[in-house]
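Novice: Residue numbers (the numbering used here), protein chains in the order written: chain E, 68 to 423; chain U, 68 to 423; chain H, 68 to 423.
Please keep in mind that the hints were generated in silico from the structure rather than gathered at the bench.
No experiment lies behind these values; they were computed from the predicted model shown.
A few of these clues could be false.
It does not matter which identical chain is used: a pair holds within one copy or between any two.
Unchecked claim - Cross-link-like lysine to aspartate or glutamate pairs, in silico, EDC-like; alpha carbons within 16 Å at most:
| hint | residue 1 | residue 2 |
| --- | --- | --- |
| 1 | 269 | 165 |
| 2 | 269 | 280 |
| 3 | 269 | 225 |
| 4 | 421 | 356 |
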Amino acid sequence: MEQTAISQSPIFTLGELAEWLGTELKGDPGIRITGVGSLEDARPGDISFVVKPRHTSRLCDCKASALLIPPALGDLGFPALIVPNPYLAVARVAQLFDRPPTLASGVHLTAVLEEDVQLGEDVAVGALAYIGSSSSVGARTRVYGGALIGRDVLIGEDCLLYPGAVIMDGCRLGNRVIVHSGAVIGADGFGFAQDEAGRHVKIPQRGIVQIDDDVEIGANATIDRATFGRTWIQRGTKIDNLVMIGHNVVVGEHSLIVAQAGVAGSTQIGRHVILAAQAGISGQLEIGDRVRVGAKSGVAQSIEAGRDMMGLPALPNRDFFKIWALLKRLPEMNKELKELRANVAELQAALKDKTA
Amino acid sequence: MEQTAISQSPIFTLGELAEWLGTELKGDPGIRITGVGSLEDARPGDISFVVKPRHTSRLCDCKASALLIPPALGDLGFPALIVPNPYLAVARVAQLFDRPPTLASGVHLTAVLEEDVQLGEDVAVGALAYIGSSSSVGARTRVYGGALIGRDVLIGEDCLLYPGAVIMDGCRLGNRVIVHSGAVIGADGFGFAQDEAGRHVKIPQRGIVQIDDDVEIGANATIDRATFGRTWIQRGTKIDNLVMIGHNVVVGEHSLIVAQAGVAGSTQIGRHVILAAQAGISGQLEIGDRVRVGAKSGVAQSIEAGRDMMGLPALPNRDFFKIWALLKRLPEMNKELKELRANVAELQAALKDKTA
Amino acid sequence: MEQTAISQSPIFTLGELAEWLGTELKGDPGIRITGVGSLEDARPGDISFVVKPRHTSRLCDCKASALLIPPALGDLGFPALIVPNPYLAVARVAQLFDRPPTLASGVHLTAVLEEDVQLGEDVAVGALAYIGSSSSVGARTRVYGGALIGRDVLIGEDCLLYPGAVIMDGCRLGNRVIVHSGAVIGADGFGFAQDEAGRHVKIPQRGIVQIDDDVEIGANATIDRATFGRTWIQRGTKIDNLVMIGHNVVVGEHSLIVAQAGVAGSTQIGRHVILAAQAGISGQLEIGDRVRVGAKSGVAQSIEAGRDMMGLPALPNRDFFKIWALLKRLPEMNKELKELRANVAELQAALKDKTA
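Chain E extracted, bound-state conformation:
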């Protein structure tokens, strides 16, 4: 199948962007915007953004053609779109200009597709990629070079599977799922029974991984398949690099799991939860909706919805910081304790003296 290159960044006028965002415009609506850049890196034609007033100091060297700014900032001498949340606006505008890494539609000559593979419209399969038998890939999904997909895998529409991503047999991905390079979806869970001699007898891992719409999985992250049933990452959740999700874990919708965090087997994570970097959650727990766990924290007990936790083992944030402040006072407390003992001994002696 022949492949033809696609890629060509679009151009919008500032007026078009204002209309599309439904927001106020200051300046010439005819200014042509060809991209997005930070205040430091923007080139002429780029639209940039200011989130906080103190960032305006960087404006003097800024080469951007226009800005996204919050109402509070007033007139900065730049053509501008006034938006309530510049960070969100820049994400949306940058998405307008964004194109996934170029990969021509069609199947590269060196890709290997086994029997009964179903490809939707405009699917692209890159060089040296592999798709096992009876798997199905939805319309416009891009399987980059060297990605490896097992058999009986279902992949939705508009997904991006980056070079070297691995999706093992039987796993299911929704639409608009992004899997970065080196991520492994569906390796065996870590399940063993011990025999009488303390040897580890493997419990075959026969379940799958299900990943719902709009989930993103970071580079070299691993999501293990369930022992039975499924490991399940629900809609809109974003998982960073080198994260480990154990077998039979469920992660609710719109949660964030930051780099190098880990969740042990069978734990249930709620919706809109944030696990900060290098956090660890023990197995078989329930973590309520909107819980936030601080970086490097270790959670060994279930957590009610809405709580912020921190530490090792994790405590409510407020308790953690109170204890932490006192920890730094420990040398002082130790000294005071010593002085008190001397004072009390003195008092005892004096009183004894008195009563003698």
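Using the hints provided, position chains U and H relative to the given structure of chain E.
Specialist: For chains U and H alone, coordinates are given in the frame of chain E:
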């Protein structure tokens, strides 16, 4: 070489399973068992299992055709095999039904084998896999698609090397070794000398990794090659995803190293050791047999056999939990200390008054 | 293009090595040295090394033909080169004998090179490797089997890209850069804005990763591309396995980042910094030159140059160890506090009695 598909789950009667396990049977020995499932996921034909009495509440909706149960549970109204350790029994029975992911014997047309590669009987080498020169792969081992094996590598019989696994030059794997996707066996150890200007001069890493029989290595784990000699993972040890094993480490038999844990260079780990998730062990230490290190703990000193350690730096479990309980009492202790100071000051004043 | 094998370890006389190192020789300058080994593993023909006096006890079984020793050790009965820093000397001598894993120059028949790829002199591209369009690879660089390089990538001279390494579109590597297997350079940074409903809106990551000369990146490490601009690893820095470097991070020259450590987005790390294993650094911080962060420590605030930090959150080493010592005294302190309360109550009663 032509490839023919293999896969076809077996069927056993309940009576056959009872005989094979050497255990008591309650119910019809002719019931046909076609698979294994959890209480929630079991389908008709599956055998399921109950580990704890409180799990029996899930039985009412269970579709399993039979159960593996401990003697204490009595009659649950299901056909059942009575076993001392249901968790171990389910592992063994599930293994009866288990088949590795389908991969036809023979070498896929797109696999690359360099000169002098030796393949045992019934070896399977998948699409786009690579085996370097003078390497040898034992009978029935399956090298899945995209796995990369260097030169002068020795791989035993009945191994599974999953898609994207990497085994570097000169490494040696025993029999029944499982290496999951993205695991890297034999990358360079992290060894540098500093020159006079504080620059890091690489110490070439010329040793190998040796992995003994029945070891399993998790997805995206890394086991570095030795500087000289070997990094050595001994028989029966199971290593989870994203674990890091440094150069010249020795891990004894039947140990467990859970996800995201790390062991620094030249440390010796004993037999039947458990390193829980995200634990870290410094270099050049000796960790005795049957030591258990808690999740997220950091070990900076050698540990005698049989101890349970916890914390950062790790302490004996008992000390850790005593200190942890007192940490939570720190605000109280601080308050008491303040009150005592006031009381003592009062006493001093009173006594001074008295003696005046 | 035909490929021809290269590999043949060199031979030096002890006299040649002495001259090359510019150092004193004890023994026969004509001894032929064919390799390097540790005291335990050295074979006849190897030169070995002694770093500390207590290691001389291992000499009796040593089969090495010569030693690298510090001046303090005197005559050990072995032919020897006297060097101020044996560890540095062994690195340099071992480099003399070292050869990267064999890979014939030229492009393997099964490698895929897209349009407009520029290859320098004596470049080697292994089996099943991929290089995207408009990328350039400098002289003598070795791209091992299964390595995946995107489009518009610039790679310098004498680099080693090991099997399964991934370099994404637009990234730039200097000379003598080593990227180990499974490392992912240039995956998207973890950047999202939240919309009104708490959904995560992806901020497209349009920057690159720049890696300067003499950097080494460990197996399965991930270095994310910048949101805008670049993520930048400067000259001579060595990064170990499973390390995570977030978007827009800058790591200064000659730093060491040990296994499983992580640095969050936009943090600036100075020169000659050491982040020990499993350390974590929050985003948007400045870590000064020569800072050392202990294993498993968590850094949430910027650190001035030259400081040693430890703990979670990290404190200056001295404070950390003082607090740590007192933590272990907490049970004792608690007991003393209880006794003091009893004593003070007694004194109060006695005084009241007295004054009654």
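Novice: State for each hint whether it applies.
Specialist: For each hint, the structure was consulted:
1. Proximity of residue 269 and residue 165 under a CA criterion of 16 Å is satisfied inter-copy only: 11 Å between copies versus 45 Å inside one chain copy.
2. In this assembly of identical chains, residue 269 and residue 280 lie within 16 Å of each other by CA distance solely across copies; the values are 14 Å between and 32 Å within a copy.
3. In this assembly of identical chains, residue 269 and residue 225 lie within 16 Å of each other by CA distance solely across copies; the values are 15 Å between and 37 Å within a copy.
4. For the homomeric pair residue 421 and residue 356, neither the shortest alpha-carbon distance inside one copy (65 Å) nor that between copies (62 Å) is at most 16 Å.
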